[in-house]
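**Student:** Chains A and B are the protein sequences, given in the same order. The first sequence begins at 1 in this note's numbering and counts up one residue at a time. The second sequence begins at 1001 in this note's numbering and counts up one residue at a time.
Each statement offered as a hint is correct.
Here chain B is said to cover these stretches of chain A; the calculated rule only asks that three of the stretch's residues, wherever they fall, bring their Cβ under 8 Å from a Cβ of chain B:
hint : segment
1    : 105-116
2    : 132-140
3    : 164-175
4    : 198-205
Everything labelled a hint here was simulated from the structure, so no lab data went into it. Cβ coordinates follow ideal geometry from the N, Cα and C atoms, glycine included.
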Amino acid sequence: MLQSLSHLLGIEGLTQAEILFILDQAKPFQEFQRNPLKKLAALRGKSVALAFFESSTRTRISFATAAARLGADTMSLQAESSSLKKGESLSDTIRTLEAMRPDGFVIRHGSSGAAAFIAERVDVPVLNAGDGMHEHPTQALLDALTIRDRKGTLEGWNITILGDIIHSRVARSNIHLLSKFGARITLCGPSMWVPHEFEAMAPNVRRTTCIEEALRDADIVMVLRVQTERLHEPALAPEEYVLRYQLTRERLLLARPDALVLHPGPMIRGLEIDPAVADGPQSGVLEQVTNGLAVRMALLYHLIGRAPLDAPHPAKDRSNASD
Amino acid sequence: MLLIKHGRVLDPASNTESALDVLLDGERISKVGENLSAPGAEILDASGLFVAPGFIDLHCHLREPGGELSETIETGTKSAARGGFTAVCCMPNTHPVNDRASVTRGIVERAAATASVRVWPIGAASIGSKGEALAEIAAMKDAGIVAVSDDGKPIATARLMRQVMEYCDGLGLPVIDHCEDASLFAGGAMREGATSIRLGVPGIPSQTESICVGRDVEVASITRARLHIAHMSTRASLAYVRAAKKRGLRVTCEVTPHHFTLTDADVIYDTRFKMNPPLASRSDRDALVEGLADGSVDAIATDHAPHHPASKDVEFDRAPFGIVGFETALALGLDLVHSGALPLMRLVELFTTGPARVLGMERKIASGEPADLTIFSTEHQWIFRASDSPSKSRNSPFDGRTLRGAAMATIVAGKIAFRR
Chain A
1 MLQSLSHLLG IEGLTQAEIL FILDQAKPFQ EFQRNPLKKL AALRGKSVAL
51 AFFESSTRTR ISFATAAARL GADTMSLQAE SSSLKKGESL SDTIRTLEAM
101 RPDGFVIRHG SSGAAAFIAE RVDVPVLNAG DGMHEHPTQA LLDALTIRDR
151 KGTLEGWNIT ILGDIIHSRV ARSNIHLLSK FGARITLCGP SMWVPHEFEA
201 MAPNVRRTTC IEEALRDADI VMVLRVQTER LHEPALAPEE YVLRYQLTRE
251 RLLLARPDAL VLHPGPMIRG LEIDPAVADG PQSGVLEQVT NGLAVRMALL
301 YHLIGRAPLD APHPAKDRSN ASD
Chain B
1001 MLLIKHGRVL DPASNTESAL DVLLDGERIS KVGENLSAPG AEILDASGLF
1051 VAPGFIDLHC HLREPGGELS ETIETGTKSA ARGGFTAVCC MPNTHPVNDR
1101 ASVTRGIVER AAATASVRVW PIGAASIGSK GEALAEIAAM KDAGIVAVSD
1151 DGKPIATARL MRQVMEYCDG LGLPVIDHCE DASLFAGGAM REGATSIRLG
1201 VPGIPSQTES ICVGRDVEVA SITRARLHIA HMSTRASLAY VRAAKKRGLR
1251 VTCEVTPHHF TLTDADVIYD TRFKMNPPLA SRSDRDALVE GLADGSVDAI
1301 ATDHAPHHPA SKDVEFDRAP FGIVGFETAL ALGLDLVHSG ALPLMRLVEL
1351 FTTGPARVLG MERKIASGEP ADLTIFSTEH QWIFRASDSP SKSRNSPFDG
1401 RTLRGAAMAT IVAGKIAFRR
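Sequences and hints are given; from them, build the entire structure.
**Tutor:** Have a look at this one:
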């Protein structure tokens, strides 16, 4: 199963079984986060290069924490201090980092395809932490874990994704993942952000520009961040977006009564989402954050630790506790 | 003297296909006939091969002056000779831009000293190709340019296009336009469509090209002057050209081998598949093949655009546009012949009399004509390896591809410029 997976570059190429394996492996790590002592020795002596060529707070901290809790060391490259600013090519920067012998790379980069570009050039596993508008696979996996926890299964839901779909790697990864589990996916936003080509990306994907239509019978509503930097291209006033597309309490009533609301963050309250919804009982936003840690620990453990698939789970196996 | 024996002559100008020998004397063809003999002449055995007029490439970038890290006139024309081209037209987007006679003369002199095939420079239409004032077109013509273009960019405005066309009409030069609407292009890196959406790569809608082709055809209807559309890649552009021809306008166009071979679905973040115009949809590709077959397309041109390896070893959206193309063009064209899409004579026309007509020249195999010939096999199996190319660049999407058919000898002014 995961033996064939030497990198995690995207969801598109994963099988249903691989996704379920990752989620199952994440499960004990989820519970582990409640331990008073949050440190394992599973990756002791390993080091993970966190190469963030695009600024990121939550994903970077989540990966760094996941690595630390597995006992790995991290080496960190951030956009602000990046040698790219000094004109070095990505290829050379990566070769330099690789010479420090990390056991794996976590990559965030503004160019679609950058994680694959790096995977072709290094001999250790690469985890994509978001590449341009292409994919953000760990986000889709943590969303899937949250859905499975809250709803009992991943199979067959009506999923509505709201917002700036065209620029969203989160939307793409979620479309690939959920469609592998028979979801009916509705994409909704201002027309120029929801091109028709998305309907060809996976079975049972449809688009609409009407939020009321999109929310009807939804089991899960994913609200994307409105990237304010994109509002200017072409110019769209934030007030226009709020008027037509903000997820309000009234609009959420159109969805199934037990509909789950997810948001990948960072969230702009009052723009894409009404604070009452963000903090309401249907919101899974904070679970998403905790689940992100669990999913990333499972991935780091298996990809970088190259653990045998049937090995005892490190969060259950007491001999793995750190001393 | 050089005697080419046992080959099959393919001459589109006279629609001849027959077993004929060709005798070259100095820089000219002296005799074409059956079973020729010439005591003392060097013999080139062309058994099993076709003998065609020398191939002309209307569109390439030799990068000299200014881009010698990627290509020079010497390395580029060596690669051209391997592809069977006996003459190549080099675009003016060098550093400095070929927008005045001194630069043109520099290119002509470097070609005389180092080139393996004929180099026919194309001059800029506007100074610095900036789309403002007209370049020194008449002086460049005296120095040797065969056409004008601001290639790499479109001729900026309809008004400038009108002036350039009218002026060039008086000088007997065609105007070649790289058709693109800059506002629609807007930072795109591949053709907009299902693949660009899936990959998350900023898209370039196909209309970016056809809007500008439509504009140019309309301007041509004012000027009635010669207009040539460079590297045309879409069905809609072809429709404009077809309609223009029907209206009796002097509008011609060229298509590249990569646009009639590949589609946007072949793009997977590999910068060797990134060029401008980008690879188009299957429907557009199919339309181009129809256009090649029915005569609406006038020439196959390579748009050979070398970029040194480091400049292409970057993220897809940061990579420069362009691929090398001389050495694979003929075999990719022959794929269309092998698949039945094109008759062989038509393919040869697209490499010879077609581009010649765009430039207002003739191309034929007859006594007294220049001794430029391309001798090729339709069957020779080989693997194209970019690392074997004399070009300084390696940016080919066809690297490693098994090809059927190749130039076996390229003869320029009576001399063998390349022999496989």
